[in-house]
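Q: Let the sequences and hints guide you as you build the complete structure.
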Amino acid sequence: MSTEDFTPDEIEIPETRGELVQWMGRGPLRIGPADVSAKAVAAFVLGVAAAVAVLAAHRWRRGPRR
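Take the position in the sequence shown, starting the count at 1, then add 825; the result is the number in this note's numbering.
Derived from the structure by calculation, the hints contain no laboratory data. Accuracy of the hints is not assured; some may be wrong.
Just the calculated beta-carbon pair ranges, DEER-fashion [unchecked claim]:
#1 ILE836 / GLY857: 42 to 52 Å
#2 ARG855 / VAL877: 32 to 42 Å
#3 VAL870 / GLU835: 55 to 65 Å
#4 LYS864 / THR832: 53 to 63 Å
#5 ALA863 / ASP830: 47 to 57 Å
#6 THR832 / LEU854: 25 to 35 Å
#7 GLU837 / ALA867: 28 to 38 Å
#8 ALA863 / ILE838: 43 to 53 Å
#9 ARG855 / ALA878: 26 to 36 Å
#10 VAL870 / ILE836: 50 to 60 Å
#11 GLU837 / VAL866: 47 to 57 Å
#12 GLU835 / SER862: 54 to 64 Å
#13 GLU835 / VAL861: 53 to 63 Å
Backbone N, C-alpha and C fix where the C-beta goes; we use that ideal spot for every residue, glycine too.
A: Right, here's the structure in full:
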């Protein structure tokens, strides 16, 4: 169907009552033990990677030992 099949007067807009969209409200936060463990491990690995990167950058910046 093309846009020429309908005129703006023929389109019916349903009347809203109450809340516009009910499902858009935030639901309760649901995090299980596995999620918490996975996030803790990921944060630890990210911290170790950041520390190694800082140490490597420091060593690279200092140059070779003399």
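Q: Hint by hint, which ones does this structure get wrong, listed from lowest number up?
A: Hints 6, 7 are the ones this structure does not satisfy, whereas the remaining hints hold.
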